[in-house]
Amino acid sequence: MRTFLAIVAGLAILSPSLPAQEPKQSLPSAPLPPASGASSPASITLDDALRLAIEHNHALLALRSTILQSQAQEITANLRPNPVLAWDAQFLPIFQPDQFSADYLNNNAQFDAGLSYLFERGKKRQHRLQAAQDATAVVRSQVSDSERQLVFNVAQQFIGVLLAESTLSFAEQDLDSFQKTVDISEARFHAGDMSEGDLLKIRLQLLQFESDVSAAKLARVQALAGLRQLLGFASVAEDYDVSGDLGYEPVRSALPDLKVMASQARPDLVAAQQGVTAARSQLALAEVNGKQDLTAGASYSHTAGTSSATFAFNIPLALFNRNQGEIARTRYAITQAQEQLSETSQQVSTDVVDAYENLRTSDRIIQLYRGGYVDQAKRSRDISEYAYRRGAASLLDYLDAERTYRANQLAYRQALASYMVAVEQLREAVGTRTLP
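Sequential numbering of the sequence shown, starting at 0, is according to numbering that gives the first Met the number 0.
These aren't lab readings, by the way, just hints derived from the structure by calculation.
Not one of these hints is a red herring.
Under the rule of at most 30 Å between Cα atoms (straight-line distance), these lysine-lysine pairs were calculated in the DSS-like manner:
#, residue 1, residue 2
1, 290, 122
2, 377, 216
3, 216, 179
4, 200, 377
5, 216, 200
6, 377, 179
7, 179, 200
8, 290, 123
Computed spacing ranges between beta-carbons, pair by pair:
#, residue 1, residue 2, range
9, 290, 256, 48 to 56 Å
10, 67, 217, 40 to 48 Å
11, 44, 256, 26 to 34 Å
12, 242, 175, 22 to 30 Å
13, 64, 84, 35 to 43 Å
14, 61, 352, 27 to 35 Å
15, 353, 290, 43 to 51 Å
16, 206, 232, 35 to 43 Å
17, 121, 224, 52 to 60 Å
18, 338, 172, 53 to 61 Å
Cβ atoms here follow ideal geometry from the backbone N, Cα and C, with glycine treated the same way.
Based on the provided sequences and hints, a complete structural model is requested.
See the structure below:
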């Protein structure tokens, strides 16, 4: 009986039903098959996810409305003053109605009608429009920066889904493999070749594999829900899935080139530069607002049977209020905008350096795993499993090799996901998805 079990164990080790050799460069996401009778869920790639988020993310759509609001303020800034129409009637015998007559109204009552208009001096309207247009440019760049951050968040969440699906696929394969070990151990126990204590240890270890599968399923559901939140619930089906792999693609960009590209492409840096221009436009507007406007009007009067015309011109005397406070404030605002530009420029450089070093560190970790640790852990587990099933290794040695293999595989998947996130972080820091 022992010889028969040993032969069965050897065949089980060599059987193709055991987990296949792990790829060295990428790990498939292995999406779950749809339930029987259910329609296949829509599957989206990373590019699809980014496009859907840009088109349907509600937070981004709300921010885009601020561009339209700012453009509407340009219309307001470019409007001319309205003319003023005035009309009055005086000396009407309201309390002596018996005196109302055409002769009384012609000879005793007074009627006036006039039209006046405010003439803005110093090209105030043109300066208002320029200031509003500069403010719109800042808002547009700020929205672009929010889009840059959204793209990174979507990519990061998408990679999280790939990691969850890869982890689930591995957990199910590992559970299936260990279940065969449990079956063989039960056969050995019934044959008297294993103690009940060792069999209980094997069964208890099976609980860990089942727990891993349940945790991986929960992580996948949560990752998909988080991604759908970023994409907009209406943009994808409720049972959607993702298409892609956890993979390694080396990035060879040089740090100086990345810094130059970031200085040209980062929308928050562009917004800070435009903020200085907008502040100067506000100063120019404040200075012209200190100029006094002229009001001119003409009126017609009918008094005591006589018609006459009146022409009026008035302009305030700028003895006290020449808009000094607003001029001073806008000058300080220019200084503030310049300091913010310097701070943003430094932040951009820091972001690029941090993202670049993070990518290099993640790359080194990937190289360690690809240098042999992944294959070595699998071979060690397979050898221990084969020896244990033949009775040539202890249960503790086998379980230890299994734990090491599982931890190594999960860490490798996490390392791949971290590397992919580091690439996306570098793209976010540079401000473009095309790296030099």
